[in-house]
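J.: Listed here are the chains, written in short residue letters.
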Amino acid sequence: MDFSLTDEQRMLQDTADRLVREQYTFEERQKLLDSEQGFSAEMWRQYANLGLLGVPFSEASGGFGGGGVELMLISQAFGRGLILEPYLATVVLAGGLLDAAGTEAQKAEYVERIIGGDLIASFAHSEPTSGYALSQVETRAEKQGDGYRLTGRKAVVPHGDSAEWLIVSARISGDTGAEDGIGLFLVDAAAKGVTRRGYPTIDGLRAAEIALDAVEVPGTACLGEPGQGYALIEQAVGRAIVALCAEAVGAMEVACDLTLDYLKQRKQFGVPIGKFQALQHRMVDMRIELEQARSMAILAASSLDAGREERERVLSAAKCLIGKAGRHVAEEAIQLHGGIGMTWEYSLPHYAKRLVMIDHQLGDVDFHLERFSDLMETA
Amino acid sequence: MDLHYTAEEQAFREEVRAFMRDKLPGTIAAKVAAGQRLDKDDMVNWHKALNSRGWLAQHWPEEYGGTGWSPVQRHIFEEEAAAANAPPIIPFGVNMVAPVILRFGTEEQKQYYLPRILNSDDWWCQGYSEPGSGSDLASLKTRAVRDGDDYIVNGQKTWTTLGQFADMIFCLVRTDTTVKQQEGITFLLIDMKTPGITVRPIITLDGEHEVNEVFFEDVRVPVANRVGEEGQGWTCAKYLLTFERTGIAGVGHAKEALRHLKYVAGKQLKNGRPLIEDPLFRARIANVEIDLMALEITNLRVVAAAQNGGVPGPESSMLKIKGTVVRQEITDLLRRALGPYALPFVSEALDAGSGVEPVGPDYGAALAADYFNRRKLSIYGGSNEIQKNIISKMILGL
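Protein chains in written order, with our numbering: chain G, 1 to 379; chain L, 1001 to 1398.
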């Protein structure tokens, strides 16, 4: 049992931390919110130059073969910086699927460009009524000649507005809800029949509603075995859960630090408000939640190599606990700040928003509690 | 980073498991499993069994008979001991006064007391709390006045756990009333057979006799029984508290209690189906299990960070808080799982060999009483509110 980082991991952590600390100021971030893309193409280029976009890809795909711990370190730094770039959508989700199931030709065409920072992609999976259930795929893929014709709607696709390519999940066979029969397809976002409505999300990121109206794709657009997409989706989502958990820990660290500073500086009744025991104990509770969340992020990161059942059990436990901890820290941080915690101009509330919204991505507290409950060992 | 146990750690786990299988008497394990009362012999015999293997003194240096275990090994031992339903190690001698004697005691004190602790010759108890000094321990009033080669002690200690069995008590006493509270305290070792000492039971809300009041009336204690200098008692006390907090998370106990909860919930019925299949109750179990998973890693992170220093710092206050909350939550669910059968209170059924059958399921006899008993977890060893004060001051700098 060893919690220490290797030299390479420590260097990666330093690189990501320094980049965020030195170049990703809150003021710069806020300017990006109003830009057309909603994130910084220049930062994306820097991530590529520093190798961060290639870290999670296997060496066979031209990446660095990073595992859960590496993904955790990067995501935690990104959480501290509240970064806006499509790392989760492009690298972790779309990239993860391509890495796991792409043919040589597909990897050559897409993965290389993702790692190089030349391609924004996303995973269009959720649907207007699917909630968080991964198998609730209504979008249909009908065989047509060598290819498929896709029809359906995809909901809240992360960075779906700026993605040039989409990996779309669509049902080749079976009923909505069946794990079997889900296919994955590479779709040009500019293809005929694709309609997108992009929009900002409340945490400052971007997403899109995507309608697919008889979109025709060739057989070569199929990712992995036709109809066998579920296991791939589950794995990619598992990695994304690790990334989200670590991002939340990074955001919680900043929220706790900001709140602690505030308690020490803000004076009322002639003393810093941090002298009041009622507030001290609440601050302590926030820190305990942070440490518990950190433990779960580590456990989740370490679970990716485990067998399916163990992995999914731990991931659900982690997402559940971090959803609760994130909400706790977000709400308490705002409360302990008082009025200033309610303002747009101050950084803390934006961390709070991201923390709460992380619970709305890839399964919330209730979803993962129920799932863990199903997977829990009972003897 | 690797959260797997190493091959050596796995082998150690097997060794501990084998020891539990061979050396833990089945009668004792059965009592622990059923929540029945342990008598003094049960506890002493377990100490002796551990000592015969050299596994009693887990926090001592090896030269004095300690195990030399790493924090991870101690964690593994705790898990396996709890899983085997071993009784707890009574901490007052081996884990509390011994480290103080090792750190502050004279060579004579070490030579005399430490072997007696290992051999279970002396049963120790703790003389800290007083009726007027709970969380504010430094306000203690038990007075020790120097008279030649003796101190004369007058006052009262309380919440003295298992003091009814004790041969020795280590006490914080006030030797100087003219200086700052913390500077007027001295650490004394007192023979419980000394004239002037009276022990009276305190019966707790579960009807059990676990704690006591200890009265001191003109009790003569040789100056040779003082540990450290006069007025250095508070330093000893703080040092002891760091040991009191090791293992405070109680992860091993909590994991065993969670297994028991699943067992009970598997036996109890709701609408004719096992309670554990009820989505609401099952989710409650899942919730506490998730908290415990996180706590286990937090605990291991803290002990790993303390690997070189030996004892954890103020971070252990976090473990105390979270660990006690989790354990109390599990006892709460155990009580609730019983439904109406939480009500019957047949005290004799908790004595093995009394021949008195419990009312309701046999696994249920102790659960409600245990729930009430475990309310103490968030009070003793520095209440959870005091732990928050410690974190606030030592970690957050507020």
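Hints are computed from structural coordinates only; laboratory data are not their basis.
Incorrect hints may appear among the rest.
Unchecked claim - Stretch by stretch, here's where chain L covers chain G in the computed footprint (C-beta under 8 Å, at least three residues):
| id | segment |
| --- | --- |
| 1 | 24-33 |
| 2 | 81-89 |
| 3 | 144-152 |
As the list claims (entries may be wrong) - As a list, the in silico BS3-like pairs of lysine-lysine whose alpha-carbon atoms are at most 30 Å apart:
| id | chain 1 | residue 1 | chain 2 | residue 2 |
| --- | --- | --- | --- | --- |
| 4 | L | 1040 | L | 1023 |
| 5 | G | 31 | G | 353 |
| 6 | L | 1180 | G | 275 |
| 7 | L | 1393 | L | 1110 |
| 8 | L | 1393 | L | 1193 |
| 9 | L | 1180 | L | 1048 |
| 10 | L | 1180 | L | 1393 |
| 11 | L | 1376 | G | 275 |
| 12 | L | 1048 | G | 324 |
| 13 | G | 275 | L | 1270 |
| 14 | L | 1180 | L | 1040 |
| 15 | L | 1040 | G | 324 |
| 16 | G | 275 | L | 1238 |
| 17 | G | 324 | G | 353 |
| 18 | G | 192 | G | 267 |
| 19 | G | 264 | L | 1393 |
| 20 | L | 1110 | L | 1040 |
| 21 | L | 1023 | L | 1393 |
| 22 | L | 1376 | L | 1141 |
| 23 | L | 1238 | L | 1023 |
| 24 | G | 143 | G | 264 |
| 25 | G | 267 | L | 1262 |
| 26 | G | 264 | L | 1023 |
| 27 | G | 107 | G | 143 |
| 28 | G | 275 | G | 353 |
| 29 | G | 275 | L | 1023 |
| 30 | G | 324 | L | 1180 |
| 31 | G | 264 | L | 1376 |
| 32 | L | 1376 | L | 1040 |
| 33 | L | 1141 | L | 1048 |
| 34 | G | 324 | L | 1238 |
| 35 | L | 1262 | L | 1180 |
All C-beta atoms, glycine included, are put in the ideal place defined by N, C-alpha and C.
J.: Against each hint, give a clear statement of whether it holds in the structure.
T.: To see whether the hints hold, each was checked on the structure:
1. Given a C-beta distance limit of less than 8 Å, the hint that chain L covers the segment 24-33 of chain G is violated, as 0 residues qualify and 3 are needed.
2. For the segment 81-89 of chain G, the proposed coverage by chain L is not satisfied: 0 residues have a C-beta within less than 8 Å of a C-beta in that chain, short of the threshold of three.
3. Restraint check on the segment 144-152 of chain G versus chain L: 0 residues with Cβ-Cβ distances below 8 Å, three needed, restraint violated.
4. At roughly 18 Å between alpha-carbon atoms, residue 1040 of chain L and residue 1023 of chain L fall within 30 Å of each other, so this suggested pair holds.
5. Restraint check: the Cα-Cα separation between residue 31 of chain G and residue 353 of chain G comes to about 17 Å, which is no more than 30 Å; the hinted pair holds.
6. Between residue 1180 of chain L and residue 275 of chain G, the direct Cα distance comes to roughly 23 Å. Compliance with the 30 Å bound is thereby established for this hinted pair.
7. For the proposed pair residue 1393 of chain L and residue 1110 of chain L, the alpha carbon gap of about 34 Å is over 30 Å, so the pair is violated.
8. A C-alpha spacing of about 41 Å is found between residue 1393 of chain L and residue 1193 of chain L, which places the hinted pair above 30 Å, so the restraint is violated.
9. Restraint check for residue 1180 of chain L and residue 1048 of chain L: not satisfied, since their Cα atoms lie roughly 42 Å apart, outside the 30 Å limit.
10. A distance of roughly 20 Å separates the Cα atoms of residue 1180 of chain L and residue 1393 of chain L; the hinted pair therefore holds under the 30 Å criterion.
11. Our distance criterion of 30 Å between C-alpha atoms is met by residue 1376 of chain L and residue 275 of chain G, whose separation comes to about 28 Å.
12. Taking the CA atoms of residue 1048 of chain L and residue 324 of chain G, the gap is near 45 Å; set against the 30 Å cutoff, the hint is violated.
13. Taking the CA atoms of residue 275 of chain G and residue 1270 of chain L, the gap is about 49 Å. The hint is violated against a cut of 30 Å.
14. Using a Cα cut-off of 30 Å, the hinted pair residue 1180 of chain L and residue 1040 of chain L is violated, with the two alpha carbons roughly 40 Å apart.
15. Our distance criterion of 30 Å between C-alpha atoms is broken by residue 1040 of chain L and residue 324 of chain G, whose separation comes to about 44 Å.
16. Taken as a hint, the residue 275 of chain G and residue 1238 of chain L pair is honoured in the structure, with Cα atoms around 24 Å apart against an allowance of 30 Å.
17. Between the alpha carbons of residue 324 of chain G and residue 353 of chain G the distance comes to roughly 14 Å, so the proposed pair stays at or under 30 Å and holds.
18. For a cut-off of 30 Å, the pair hint linking residue 192 of chain G to residue 267 of chain G is broken: about 61 Å separates their Cα positions.
19. Proximity of residue 264 of chain G to residue 1393 of chain L is assessed by CA-CA distance (about 12 Å); at most 30 Å being required, the pair is judged to hold.
20. About 25 Å separates the Cα atoms of residue 1110 of chain L and residue 1040 of chain L, which keeps this hinted pair within 30 Å; it holds.
21. Between residue 1023 of chain L and residue 1393 of chain L, the direct Cα distance comes to roughly 45 Å. Violation of the 30 Å bound is thereby established for this hinted pair.
22. This hinted pair checks out: residue 1376 of chain L and residue 1141 of chain L have alpha carbons roughly 24 Å apart, not beyond 30 Å.
23. Proximity of residue 1238 of chain L to residue 1023 of chain L is assessed by CA-CA distance (about 35 Å); at most 30 Å being required, the pair is judged violated.
24. Taking the CA atoms of residue 143 of chain G and residue 264 of chain G, the gap is about 65 Å. The hint is violated against a cut of 30 Å.
25. Simply put, residue 267 of chain G and residue 1262 of chain L have alpha-carbon atoms about 50 Å apart, too far for the 30 Å limit, and the pair is violated.
26. Of the pairs offered as hints, the one joining residue 264 of chain G and residue 1023 of chain L is violated, with about 55 Å between alpha carbons and a cut-off of 30 Å exceeded.
27. The suggested pairing of residue 107 of chain G with residue 143 of chain G holds, with an alpha-carbon distance near 24 Å, which does not exceed 30 Å.
28. At roughly 28 Å between alpha-carbon atoms, residue 275 of chain G and residue 353 of chain G fall within 30 Å of each other, so this suggested pair holds.
29. Taken as a hint, the residue 275 of chain G and residue 1023 of chain L pair is broken in the structure, with Cα atoms around 53 Å apart against an allowance of 30 Å.
30. Taken as a hint, the residue 324 of chain G and residue 1180 of chain L pair is broken in the structure, with Cα atoms around 45 Å apart against an allowance of 30 Å.
31. A hinted pair counts as satisfied when its Cα atoms are at most 30 Å apart, and residue 264 of chain G with residue 1376 of chain L does not qualify at roughly 33 Å.
32. With a C-alpha separation of about 21 Å, the suggested pair residue 1376 of chain L and residue 1040 of chain L falls inside the 30 Å cut-off, and the hint holds.
33. For the suggested pair residue 1141 of chain L and residue 1048 of chain L, the alpha carbons sit about 36 Å apart, so the restraint of at most 30 Å is broken.
34. A C-alpha spacing of about 35 Å is found between residue 324 of chain G and residue 1238 of chain L, which places the hinted pair above 30 Å, so the restraint is violated.
35. For the hint pairing residue 1262 of chain L with residue 1180 of chain L, the CA-to-CA distance comes to about 52 Å; that exceeds 30 Å, so the pair is violated.
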